[in-house]
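Work the whole structure out from these sequences, hints included.
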Amino acid sequence: MHGLRKLPELVESIYDAGLDPSLWNNAVAGIRDFVGGQACGLFSKDSISKFGVTHYYCGADPRYIQLYSETYSKFDPLTVLPPHGEIVSIPDLVNFDEYRKGRFYQEWMQPQGCSDAANVVLEKSSCPVMMTVLSGRRMVDPAMKHRLSLIVPHASRALLINRAITAQLTLATALADVLDNLASGIFLLDASCRVVHANSAGHALLAADDVVRSVAGQLVTSSAEANQTLREAFATGNDVVLLAARDRAIPLLSPSGERYVAHILPLSSVLRNGSERVVNAAGALLLRKVSLGGQSYGELIARTFDLTPAELRVFLSIVEIGGIPETAAALGIAETTAKTHLHRVFAKTGVSRQADLVKLAAGFSNPLVN
Numbered sequence: 013m014h015g016l017r018k019l020p021e022l023v024e025s026i027y028d029a030g031l032d033p034s035l036w037n038n039a040v041a042g043i044r045d046f047v048g049g050q051a052c053g054l055f056s057k058d059s060i061s062k063f064g065v066t067h068y069y070c071g072a073d074p075r076y077i078q079l080y081s082e083t084y085s086k087f088d089p090l091t092v093l094p095p096h097g098e099i100v101s102i103p104d105l106v107n108f109d110e111y112r113k114g115r116f117y118q119e120w121m122q123p124q125g126c127s128d129a130a131n132v133v134l135e136k137s138s139c140p141v142m143m144t145v146l147s148g149r150r151m152v153d154p155a156m157k158h159r160l161s162l163i164v165p166h167a168s169r170a171l172l173i174n175r176a177i178t179a180q181l182t183l184a185t186a187l188a189d190v191l192d193n194l195a196s197g198i199f200l201l202d203a204s205c206r207v208v209h210a211n212s213a214g215h216a217l218l219a220a221d222d223v224v225r226s227v228a229g230q231l232v233t234s235s236a237e238a239n240q241t242l243r244e245a246f247a248t249g250n251d252v253v254l255l256a257a258r259d260r261a262i263p264l265l266s267p268s269g270e271r272y273v274a275h276i277l278p279l280s281s282v283l284r285n286g287s288e289r290v291v292n293a294a295g296a297l298l299l300r301k302v303s304l305g306g307q308s309y310g311e312l313i314a315r316t317f318d319l320t321p322a323e324l325r326v327f328l329s330i331v332e333i334g335g336i337p338e339t340a341a342a343l344g345i346a347e348t349t350a351k352t353h354l355h356r357v358f359a360k361t362g363v364s365r366q367a368d369l370v371k372l373a374a375g376f377s378n379p380l381v382n
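The numbers in the sequence shown follow our numbering, run straight up by one, and end at 382.
Keep in mind the hints are simulated off the structure, nothing from the lab. All values reported here derive from a predicted model rather than from experimental measurement. Careful: at least some of the hints might be erroneous.
FRET-style restraints, in silico, Cβ to Cβ [said to hold, decoys possible]:
id: 1; residue 1: ASP32; residue 2: MET151; range: 34 to 44 Å
id: 2; residue 1: PHE317; residue 2: GLN230; range: 19 to 29 Å
id: 3; residue 1: HIS215; residue 2: GLN240; range: 20 to 30 Å
id: 4; residue 1: ARG356; residue 2: HIS215; range: 34 to 44 Å
id: 5; residue 1: ARG175; residue 2: PRO267; range: 46 to 56 Å
id: 6; residue 1: GLN240; residue 2: ARG175; range: 37 to 47 Å
By construction, the Cβ of each residue, glycine as well, lies at the ideal position given by its N, Cα and C atoms.
Next up, the structure:
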């Protein structure tokens, strides 16, 4: 019953390693002591090339760990892996006498004072993860296998935890990279419109202190009406309310005269754990500058609404510059002519206010480009 009193403590250390992989070396040392081996390690072995890499180990000379990866992994008896979770010793895999004449035993095991090993597949994949406990005795005995069997289910689950956490971190890192490469500002806001997270473009907008700013951590825009809309939408923290607000473009005019449009976005259910949010954010706000300078962009609007060249020029001017007098002056036409073209634009687009044209135009803007 060697070491059974230490089993609960050992299991705890294994799950600690599941949450923090840097603790695996400590867990592996505990497993070696509990099982009664000379050395212990976690390693992976490519199912095709048969080359193995040791990830965590104790009780072995680092030089032999390197030699295993470089040379001897292809000679070890684990050419055909046992079923997941089944503990096997070398005599279970090959003829033991023949094995003792081979290179793996003569050049790698024997110089370390080992003869047999207990092996088990902890994670089945194209590059399975295994645990091995090297024995200084002639053969691994049943008691040693039994003690290892008490550990295997916990070690397997801990590796699954490692994989799940790594996948989530990878996804979060990839998502952060994507958001940081967007030209649009993205803000995750809580129910009080406090900024929980912002991408690089969002931080740049806050630093400019123009169309948006942070006041005691709360996002405030240049429009009192927009601020009221945001507070009402985010206060509920309800995706249904945020979904209803999603289609409402919020036009913003900065003090410097730059035009922006904001969209409220609900957070995906991916960010939920049961009924609780993983983060404190109630929703997201996408803020982008209205930029209609590209010819292809204008052509897309013209094709969509069947606008004439003159009507398109008035449309773009209203969005970028402002009202009828400014548009007439910019285009060098009479105000009555600008009004006539504007009324035709209203009729073709189905809107009735200049502010609605800004919202409509923002729908054609590509947030992925500058």
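To see whether the hints hold, each was checked on the structure:
In this structure, ASP32 and MET151 meet the distance hint of 34 to 44 Å, their C-beta atoms being roughly 35 Å apart. Range check, PHE317 to GLN230: Cβ separation about 38 Å, and the 19 to 29 Å hint is violated. Remark: the range hint 20 to 30 Å for HIS215 to GLN240 is upheld by a beta-carbon distance near 25 Å. Between ARG356 and HIS215, the C-beta spacing of about 42 Å keeps the proposed range 34 to 44 Å intact.
A hinted range of 46 to 56 Å holds for the C-beta pair ARG175 and PRO267, which are about 50 Å apart. The hinted range of 37 to 47 Å is satisfied by GLN240 and ARG175, whose Cβ atoms lie roughly 46 Å apart.
The earlier numbered hint that this structure contradicts is number 2, and it is the only one.
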